[in-house]
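K.L.:
Residue numbers (numbering that gives the first Met the number 0), protein chains in the order written: chain Y, 0 to 299; chain P, 0 to 333.
You may find that some hints are simply not true.
Said to hold, decoys possible - Incomplete in silico selection of chain P near chain Y, CB under 10 angstroms: (1) Leu16; (2) Gly17; (3) Ile21; (4) Phe24; (5) Ala25; (6) Pro143; (7) Trp146; (8) Leu161; (9) Leu164; (10) Ala267; (11) Val279; (12) Ile305; (13) Phe308; (14) Thr309; (15) Ile312.
What the hints assert, rightly or not - Pairwise CB distance ranges, derived in the manner of DEER restraints: (16) P/Ile10 - Y/Gly125: 15 to 21 angstroms; (17) Y/Arg195 - P/Val317: 37 to 43 angstroms; (18) P/Ile262 - Y/Thr130: 25 to 31 angstroms; (19) Y/Val218 - P/Leu127: 28 to 34 angstroms; (20) Y/Val128 - P/Arg252: 39 to 45 angstroms; (21) Y/Val218 - P/Arg236: 35 to 41 angstroms; (22) Y/Leu42 - P/Ile153: 27 to 33 angstroms; (23) Y/Thr130 - P/Ser179: 50 to 56 angstroms; (24) Y/Val74 - P/Val318: 30 to 36 angstroms; (25) Y/Val74 - P/Glu45: 52 to 58 angstroms; (26) Y/Ala206 - P/Tyr247: 50 to 56 angstroms; (27) Y/Tyr259 - P/Gln73: 42 to 48 angstroms; (28) Y/Gly125 - P/Ala48: 35 to 41 angstroms.
Keep in mind that the hints were calculated from the coordinates and are not lab data. Nothing here was measured: the structure is a model prediction, and the numbers come from that model. Ideal Cβ positions, reconstructed from N, Cα and C, are used throughout, including at glycine.
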Amino acid sequence: MAIVRGAAPELTTGAIVREASSTSRGRAWRRYVPIAIGVMMALAMVVMAAGAPLFAPLSPSAQFADAVLKGPGAVERHALGTDEFGRDLLSRIIWGTRVSLQVGLASVIFSFALGVPLGIVAGVQGGKVETAIMRAADMLMAFPTLLLALIIVTALGGSLSNEILAIGVALTPNFVRLARSLALTIREQDYILAARALGGGSLRVMARHVFPNALYALVVVATLYIATAIRTEASLSFLGLGIPPPTPSWGNILSEGRQYIKCCPWITTFSGLAIMLAVLAFNLVGDALRDLLDPRLRGE
Amino acid sequence: MLPYLVRRLVIAVPMLLGAVSIVFFALRILPGDPCVAMMGDQATTEALADCTKSLGLDRPLLVQYLDYLWRSVQFDFGTSLRQGYPVSEYIGRMFPHTLVLVMASAVVAALVGIPIGIVSALKRRNPLIDYPLRIFALLGLSMPVFWLGILLLIVFSLRLDLFPLIGGGDLDGVLAMIRSGEFLSHPADFLAGVGDVLYHLTLPALALGFTLAATVSRLSRSAMLEVISQDYIRTARAKGQLERAVVYKHAFRNMMVPLLTIIGLFVAIALTGTVLTETVFTRPGLGKMLVDAIGARDYPLAQGAITVFTMIIIIVNVVVDMLYAVVDPRITFK
Numbered sequence: 000m001a002i003v004r005g006a007a008p009e010l011t012t013g014a015i016v017r018e019a020s021s022t023s024r025g026r027a028w029r030r031y032v033p034i035a036i037g038v039m040m041a042l043a044m045v046v047m048a049a050g051a052p053l054f055a056p057l058s059p060s061a062q063f064a065d066a067v068l069k070g071p072g073a074v075e076r077h078a079l080g081t082d083e084f085g086r087d088l089l090s091r092i093i094w095g096t097r098v099s100l101q102v103g104l105a106s107v108i109f110s111f112a113l114g115v116p117l118g119i120v121a122g123v124q125g126g127k128v129e130t131a132i133m134r135a136a137d138m139l140m141a142f143p144t145l146l147l148a149l150i151i152v153t154a155l156g157g158s159l160s161n162e163i164l165a166i167g168v169a170l171t172p173n174f175v176r177l178a179r180s181l182a183l184t185i186r187e188q189d190y191i192l193a194a195r196a197l198g199g200g201s202l203r204v205m206a207r208h209v210f211p212n213a214l215y216a217l218v219v220v221a222t223l224y225i226a227t228a229i230r231t232e233a234s235l236s237f238l239g240l241g242i243p244p245p246t247p248s249w250g251n252i253l254s255e256g257r258q259y260i261k262c263c264p265w266i267t268t269f270s271g272l273a274i275m276l277a278v279l280a281f282n283l284v285g286d287a288l289r290d291l292l293d294p295r296l297r298g299e
Numbered sequence: 000m001l002p003y004l005v006r007r008l009v010i011a012v013p014m015l016l017g018a019v020s021i022v023f024f025a026l027r028i029l030p031g032d033p034c035v036a037m038m039g040d041q042a043t044t045e046a047l048a049d050c051t052k053s054l055g056l057d058r059p060l061l062v063q064y065l066d067y068l069w070r071s072v073q074f075d076f077g078t079s080l081r082q083g084y085p086v087s088e089y090i091g092r093m094f095p096h097t098l099v100l101v102m103a104s105a106v107v108a109a110l111v112g113i114p115i116g117i118v119s120a121l122k123r124r125n126p127l128i129d130y131p132l133r134i135f136a137l138l139g140l141s142m143p144v145f146w147l148g149i150l151l152l153i154v155f156s157l158r159l160d161l162f163p164l165i166g167g168g169d170l171d172g173v174l175a176m177i178r179s180g181e182f183l184s185h186p187a188d189f190l191a192g193v194g195d196v197l198y199h200l201t202l203p204a205l206a207l208g209f210t211l212a213a214t215v216s217r218l219s220r221s222a223m224l225e226v227i228s229q230d231y232i233r234t235a236r237a238k239g240q241l242e243r244a245v246v247y248k249h250a251f252r253n254m255m256v257p258l259l260t261i262i263g264l265f266v267a268i269a270l271t272g273t274v275l276t277e278t279v280f281t282r283p284g285l286g287k288m289l290v291d292a293i294g295a296r297d298y299p300l301a302q303g304a305i306t307v308f309t310m311i312i313i314i315v316n317v318v319v320d321m322l323y324a325v326v327d328p329r330i331t332f333k
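Model the full assembly from the supplied sequences, consistent with the hints where possible.
P.N.:
Okay, structure coming up:
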């Protein structure tokens, strides 16, 4: 993975190269546009999720018998229209932000917390420990993320915590691998030798020296995996394996709306748009961070 | 090369074993008795006991597990609880549908993704060309395939009535004609059959292909950037070759090597994509079969489908490793 080479030691060179190559202020400024857009979209999502009760014009479960399957704006109080039970689509989508964001963040934190220590131990210790950890990770890697999450969610049943667990476990091997390859580079550095010479035990070296130096690259990749997690959550819900209705999630709104694409395409269109924008936000941030931190990948 | 191949296969075996075991135990802790799911709540206790016995579910878990492993090796995944015939037969029938979809979307992805990646790398100094292409790639990466599929259905099937809403066409019929040699004696029927299959295939292949194209374009872009800075490219330019020749004869061929490395990844993404794509387009195939099997608590069928998916991915990865040496003679296996 190329990101590995963009780890801590090269970051300083990257900054110097960037300063030297930015002939005009305009070009330097332009580089921050995608990340700014991404951060704003992600923040908007956080605000929307946190303040769902404030922003949603109506209750996401309130059924309006007089406004069943009405198009956007057909009834004044339903800006994005209603579904087959006469529920307000805009309110459901706003409430659905919570599910996506909760699953996206929590599952990545889970896989980070589980995968990074394992990967660092594997990379620093080597030997049998490494073999055992890496074989287990390889085994899980044989499954595509969605497939593994699908197996786990099928086994445990669809609920918020099970989805987080399923996606978290499915993403873990990625963090194990990345953390290991970062640790392999870092452990050869002189400062690790120095830390050991000063009497630092393995655990101390890993926690105080290897981990902080791997953190940058790990966080960049974690951002990209939030996008993956959100998309996987939506996919599971779409397949009917996620959070069961009536709790609104973008995936299950879209899945329910599928039956009505002939008369009422707005249900699937808007819920899908929400999924795409959320995934896009985190992809933008992750991509931009990677470009900024890894001069080799910037292309110029 | 042979010793490497053997070693690579030896490594693949425990991976496969582990993967199959995960599937087995994960589906065993499923809530809900498959016999109850199959026979309904009204079934008598004796009937349920008979069913449990006939499925072998009354045996100790370890015995079931070993038995399952032994039979999986022989491609015997048991009998589908719902359909009543062998899972391997069912998988055999569904496999061509999925294969056709994966191949068609791979073609779309390559035709769209590789040129976009190359142009975006070569014209990276021209923001008017580079930015829209990179935005395309980002949108493609962020767009869930099931949403794109639904949008295509809304526009091309429902509004414009150009393509069918569901189904996969008579692929079985076409394959039967090829097997029996009938396609030579009845070319018109055969072509009509192929046309029908393509008619049903177009939208799913476009949906899956476009989302994959995003990945392909990004990887082509970075592969091209890597290659274009090599010494031999400078040499080619220095000796006065046309830029076109430099790009197509020197750079393009070399960039295919790093691109190959992602075929394994690509197959994994594409197979995952088929689960969603086949569901959206109500198209027969392994992916839809898996989702239906999970919904119906049809253990053997779900197990078989997941096992086959995993096998394909592991085997493709071994094959890709082999391909490196074919494409790039500098790579030797130790």
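K.L.:
Going through the numbered hints above, which ones does this structure break? Give me the numbers in ascending order.
P.N.:
Result: hints 8, 24, 28 break, sorted rising.
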